[in-house]
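Colleague: Residue numbers (the numbering used here), protein chains in the order written: chain A, 1 to 540; chain B, 1 to 97; chain C, 1 to 209.
A hint or two may mislead.
Some chain C residues flagged as far from chain A (calculated, every beta-carbon gap over 10 Å) [as the list claims (entries may be wrong)]: (1) His55; (2) Glu61; (3) Leu110; (4) Ala119; (5) Ile121; (6) Ile125; (7) Ile159; (8) Lys175; (9) Tyr190.
Subject to a maximum C-alpha distance of 25 Å in a straight line, what follows is the list of computed DSS-like cross-link-like pairs (lysine-lysine) [claimed, not checked]: (10) Lys88(C) to Lys66(B); (11) Lys175(C) to Lys21(C); (12) Lys175(C) to Lys18(C); (13) Lys495(A) to Lys428(A); (14) Lys88(C) to Lys18(C); (15) Lys73(B) to Lys88(C); (16) Lys35(B) to Lys120(C); (17) Lys21(C) to Lys73(B); (18) Lys22(C) to Lys88(C); (19) Lys22(C) to Lys175(C); (20) Lys21(C) to Lys89(C); (21) Lys66(B) to Lys18(C); (22) Lys89(C) to Lys22(C); (23) Lys120(C) to Lys137(C); (24) Lys428(A) to Lys498(A); (25) Lys89(C) to Lys175(C); (26) Lys73(B) to Lys18(C); (27) Lys22(C) to Lys66(B); (28) Lys66(B) to Lys21(C); (29) Lys89(C) to Lys66(B); (30) Lys35(B) to Lys113(C); (31) Lys22(C) to Lys73(B); (32) Lys120(C) to Lys134(C); (33) Lys89(C) to Lys18(C); (34) Lys428(A) to Lys346(A); (35) Lys175(C) to Lys88(C); (36) Lys21(C) to Lys88(C).
Worth flagging that the hints you see were computed from the coordinates, not collected in a lab.
Being a predicted model, the structure only gives us computed values, none of them experimental.
Cβ coordinates follow ideal geometry from the N, Cα and C atoms, glycine included.
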Amino acid sequence: MTPINETAATTSFYERTGKYRWIIAEWMMSTDHKRIGVMYLMALLSFFSVGVVLGFIIRLSLLSPGWLMGQQTYNEFFTLHGVIQIFLFIIPGIPVAFGNIFLPILIGAQDVAFPRINRLSWWLYVTGAILILLSVLVKGRPPDTGWTFYAPYSVQTPANVSIAVMGVFVLGFSSILTGLNFVTTIHRMRAPGMGWFRMPAFPWTLYATGWVQMLATPVLAITLLFIFLGRFFGVGFFDPNKGGDPILYEHLFWMYSHPAVYIMVLPAMGIISEIIPVFSRRALFGYVAVCMSALGIAVVGYAVWGHHMFTSGMSDTARIIFSFVSFLVAVPSGVKIFNWLSTLYKGSIEVDAPLLFALSFIFLFSIGGLTGLIIGSLAPNLHLHGTYFIVGHFHYVMFGGAGFSIIAGLHYWFPKITGRMYSERFAKIGWLNLFVGFNILYFSMFILGFQGMPRRYFDYPPQYHTNHVISTMGSWLLAIGLIIIFANLIRSIFKGEKAPANPWGGKTLEWSIPSPPAHENFQEIPVITRGPYPYEEEAR
Amino acid sequence: MKEKYAENHAVTTRTYTGVWLVLLILLASTIAVAKLRLLAQFSTLGSLLIASAKAGLVLAFFMHLKYEGRFLKMMLTVAIAALTVLIGLTFVDVWLR
Amino acid sequence: MKKRRGDKVSTQTGRIDKMGKKMGMWFFLFTEILFFGGMFLLYSIYRYRYSQDFHSGAADENIVLGTINTVILLTSSFTIALSIAAVKKGENIPSSLLQFATILMGVAFLVIKYFEWTAKINLGIYPDSPVLLKLAKGEILFFGLYYVMTGLHGLHVLIGVVVISFMLYSTQREKINRDNYARLENTALYWHFVDIVWIYLYPLFYLIT
Numbered sequence: 001m002t003p004i005n006e007t008a009a010t011t012s013f014y015e016r017t018g019k020y021r022w023i024i025a026e027w028m029m030s031t032d033h034k035r036i037g038v039m040y041l042m043a044l045l046s047f048f049s050v051g052v053v054l055g056f057i058i059r060l061s062l063l064s065p066g067w068l069m070g071q072q073t074y075n076e077f078f079t080l081h082g083v084i085q086i087f088l089f090i091i092p093g094i095p096v097a098f099g100n101i102f103l104p105i106l107i108g109a110q111d112v113a114f115p116r117i118n119r120l121s122w123w124l125y126v127t128g129a130i131l132i133l134l135s136v137l138v139k140g141r142p143p144d145t146g147w148t149f150y151a152p153y154s155v156q157t158p159a160n161v162s163i164a165v166m167g168v169f170v171l172g173f174s175s176i177l178t179g180l181n182f183v184t185t186i187h188r189m190r191a192p193g194m195g196w197f198r199m200p201a202f203p204w205t206l207y208a209t210g211w212v213q214m215l216a217t218p219v220l221a222i223t224l225l226f227i228f229l230g231r232f233f234g235v236g237f238f239d240p241n242k243g244g245d246p247i248l249y250e251h252l253f254w255m256y257s258h259p260a261v262y263i264m265v266l267p268a269m270g271i272i273s274e275i276i277p278v279f280s281r282r283a284l285f286g287y288v289a290v291c292m293s294a295l296g297i298a299v300v301g302y303a304v305w306g307h308h309m310f311t312s313g314m315s316d317t318a319r320i321i322f323s324f325v326s327f328l329v330a331v332p333s334g335v336k337i338f339n340w341l342s343t344l345y346k347g348s349i350e351v352d353a354p355l356l357f358a359l360s361f362i363f364l365f366s367i368g369g370l371t372g373l374i375i376g377s378l379a380p381n382l383h384l385h386g387t388y389f390i391v392g393h394f395h396y397v398m399f400g401g402a403g404f405s406i407i408a409g410l411h412y413w414f415p416k417i418t419g420r421m422y423s424e425r426f427a428k429i430g431w432l433n434l435f436v437g438f439n440i441l442y443f444s445m446f447i448l449g450f451q452g453m454p455r456r457y458f459d460y461p462p463q464y465h466t467n468h469v470i471s472t473m474g475s476w477l478l479a480i481g482l483i484i485i486f487a488n489l490i491r492s493i494f495k496g497e498k499a500p501a502n503p504w505g506g507k508t509l510e511w512s513i514p515s516p517p518a519h520e521n522f523q524e525i526p527v528i529t530r531g532p533y534p535y536e537e538e539a540r
Numbered sequence: 001m002k003e004k005y006a007e008n009h010a011v012t013t014r015t016y017t018g019v020w021l022v023l024l025i026l027l028a029s030t031i032a033v034a035k036l037r038l039l040a041q042f043s044t045l046g047s048l049l050i051a052s053a054k055a056g057l058v059l060a061f062f063m064h065l066k067y068e069g070r071f072l073k074m075m076l077t078v079a080i081a082a083l084t085v086l087i088g089l090t091f092v093d094v095w096l097r
Numbered sequence: 001m002k003k004r005r006g007d008k009v010s011t012q013t014g015r016i017d018k019m020g021k022k023m024g025m026w027f028f029l030f031t032e033i034l035f036f037g038g039m040f041l042l043y044s045i046y047r048y049r050y051s052q053d054f055h056s057g058a059a060d061e062n063i064v065l066g067t068i069n070t071v072i073l074l075t076s077s078f079t080i081a082l083s084i085a086a087v088k089k090g091e092n093i094p095s096s097l098l099q100f101a102t103i104l105m106g107v108a109f110l111v112i113k114y115f116e117w118t119a120k121i122n123l124g125i126y127p128d129s130p131v132l133l134k135l136a137k138g139e140i141l142f143f144g145l146y147y148v149m150t151g152l153h154g155l156h157v158l159i160g161v162v163v164i165s166f167m168l169y170s171t172q173r174e175k176i177n178r179d180n181y182a183r184l185e186n187t188a189l190y191w192h193f194v195d196i197v198w199i200y201l202y203p204l205f206y207l208i209t
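One chain only, chain A, in its complex shape (with noise of 0.2 Å):
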C-alpha cells in the first residue's frame, strides 16, 4: 500500500498543514473532502439559521398583516425565505456536508474522485449565495416572485430577479458536479472486497441522488436561462403576446424541481438507514430492498411532475398520468419505513439524540408522505392546490423529513467531527421543544388550508385568525428548540467529553478511524470481508 508519513496519518485534519500562510487560504484551497464537507456544513447551518429567522418574521407578520410590513415586503420575505432554505440549505445539504465528509470514508477510500471539481463545487456554491445575497442589497427591490420565479411575472417584474437566477444557475452548477463525482467516487473507488452489496446504504442514496443531480439539475439550468434572456434580449419563450406558453415555464420548473425534492430527502432516509441499525442493535431489515428502494424512488420521481401543475390547465390525460404516478412513488417511499421498523421490531433499543431524530423523521415524514397522497389525488387537489395544506405538507416532508434527518445527522456524526460529545440532556430537552412546536405551527396549516386559507397571502379574512396564531406560537417553541439543540452542539464543540473513536458501536467504516479522522483517511486501505450491518452475525 502507500507508505503514508507519520504525521498526516496521526494529526486530526483540522490541524495546519502549513501549505499556506492564511489559515482560511489553506481551507479555501483544500481538496480535502473532509474540510469541504466541514465549510459546506458550517455555511449550509448558518442559511439555515437565516432562512428560520425569515421564516419567523413571516409568522410574526401573519399574527396581524400589516403591523410589521406592507404587502410588498412580504412577498420578498417569503420568495427568499424559499429561495435560501432550497437552494442554499436542503437541496446542497446531506449530499455537500455529510456526503462529503463521510462517503470516501464509508466505502474504504481516500477521497472522492475528483477533488479539484469538489473544490470547484464548493467555490461555485459560495458564488451563487453571494450572488442571491446581491439580489437583495444591490439597487431595486429583493426577487418577489416566490422560489418558483413563475414566468411571465418573472421575465416582467422590475425586481432583482436577474441576479437571483443566475445565482440560482451558478449553484446548480455547483449541484450537478457534486452529484457527477459522487456516482463516479462509487463505482471507481470503492475498497477491496466492497462490492455494490456490501456498500452501506448512506452511499447507495447518495449515489441515486447524483444521478438526478446530473440528469434534472441542467433542465432547472436552462429554464433560468430562459427568464433571463427574457429579462435581457426580449425572448419571448413564455409570453403569450409572442406565441409562448406560461404552463411549458411550469412544465420545465417542475421537470426540475419534483426531482429535486428526491435530491432533498433519499439522502435523508439514508442517514436514518444509517442510525436505525446502530441504536437497535440489528441489521437493516430487507438492505437489498431498502438500496434498491433508493434506485426506484429517483426513476420513478423523474416523471411526477406534472402533479405541481394540476390546476395549471394540462390535459386531463396528462393529469390522470401524472396522478397515478404519484402514487406509485409511495411504494418504494413505504419500502423504505416498512424496513426501518422491522429493523427496530425486538432490537436493543438505545434511544440516544440520533435515534430520537431517526424516530421523528419516521413520524413526521409519514405524515408528510400521506398528505402528498391526498393532494395527488385530482379532485381534492382543486380545492387545496395553492393553500396552506401545500405548506403544511412540504414542511412536513422537507423540514421534518430531511431536516430532521439532517439534525439527527449531527449529533451521530458529531463526535465523529469533532472529537467530542454533545450534552444528551439538553439535546432530548430541545428535541422535544422543536417536535412539539413543529407539530403545531404545520399542522394548524393542514387546517387552514382545509378550510380554503391560500399560500403566499399577506393577507386574509378574520376566520383564519385564530388558527394563524396558533401556528405563529408553534413557531416560537420550535425556535426555542432549535435554540436549545444548536446551542447545545455549539457549546458541544468546545466543552463536550472528549470523544472515542466509537462511541456507539457502529459498524460501518468511519468509525474504525480517530475522532475526528487524521488528514489521510486510512492508514492501510480496508479489505472488507462483510455486509455494512454485521449485527446478528456478530451476536452469535
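Fit chains B and C to the supplied structure of chain A, relying on the hints for placement.
Modeller: Just chains B and C, lined up with the frame of chain A:
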C-alpha cells in the same frame, strides 16, 4: 478486462475514414429527403431518423462507445430515456389539451 | 466475490484512473444532453403548434451555408478522432496537425455562423426587434429558438476550440503522449458531442419542409 479491450482496440484509420464517408452520404440523403419531398409527411421523422443514424455512428466509432463497457452504454440509454420521458409527458399535455 | 482490479483504484495508490476520468466526462455529457434537451423540448412543442409558421421562418435559411457547416463539423470530428489514434501510436506531430485542423474547422464554423447571424440582424430579425414582433407568433418563436439554440451551440463550439488549443499546446510539449492522453480523449468526447448537437440542429432549422 473490458477496459483493456477498450484501451487496446485501436480503431483503424480506415474505419474512421469509412465512418466519415458514410456520415457525408447520410448528410446528402437527409437533404434529398427534404428537398425532394421524399416520404411526404414523414419527412420530419425521416430527417430525425437519419440524424440519429449519424449521431449513432459518431457515438459508436468516433466516441468509441462500441468498444466501451456495458455500463456506459446503459447509462447513456438512461440519459436519453430521461429526456424522452420529459418530452413525451409534456407532449401528452400539449397534444391532448 | 469479484476480485478488485488494481487499475480501478485511483488516488489510493496514486495511479491515474483513466477509466474514472473518462466516466466523469461521459457523465458531464449526459448533463449536457439534458441541458440542450430542454431547448429541444421547447422547439418540438412549438413546432407542433405552429408548424406552418416554422416552415415560413425556415424558408429563408441559407441551406448551402448550413450544409457547409455540417460538413465542417463532421470532418472536424473525423480529424480529432484521427489525432487521438496518432497520439496513441506516439505520433505527436501528426496528432498536433490534426488537432490544429480541428481548431481551424471550429473557427470556420463560427465565422460562417457570424455571417448567418449578421445577415438576419441586418434584416431586422433579432429578439424583440420591431420587425420580428410584426411577424406571426410561430415565426417569432422560431427565430427566438434559432438564436438561443445556435447561440448556445456556438458558445460550446467556442469553448471547444479554446480547450483543443490547450490540448494542442500540451501535445506539442509532449505532456500529452502515448502513455498519457486521457485529457485529449475527453476533449474529443466533448467535441463529438458538440458535433452531435449540430447534427440535430441542422435538419430542425434548415430542412423544414
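Colleague: When the structure is checked against the list of hints, which entries are broken? Sort them ascending.
Modeller: The structure conflicts with no hint, since it agrees with every one listed earlier.
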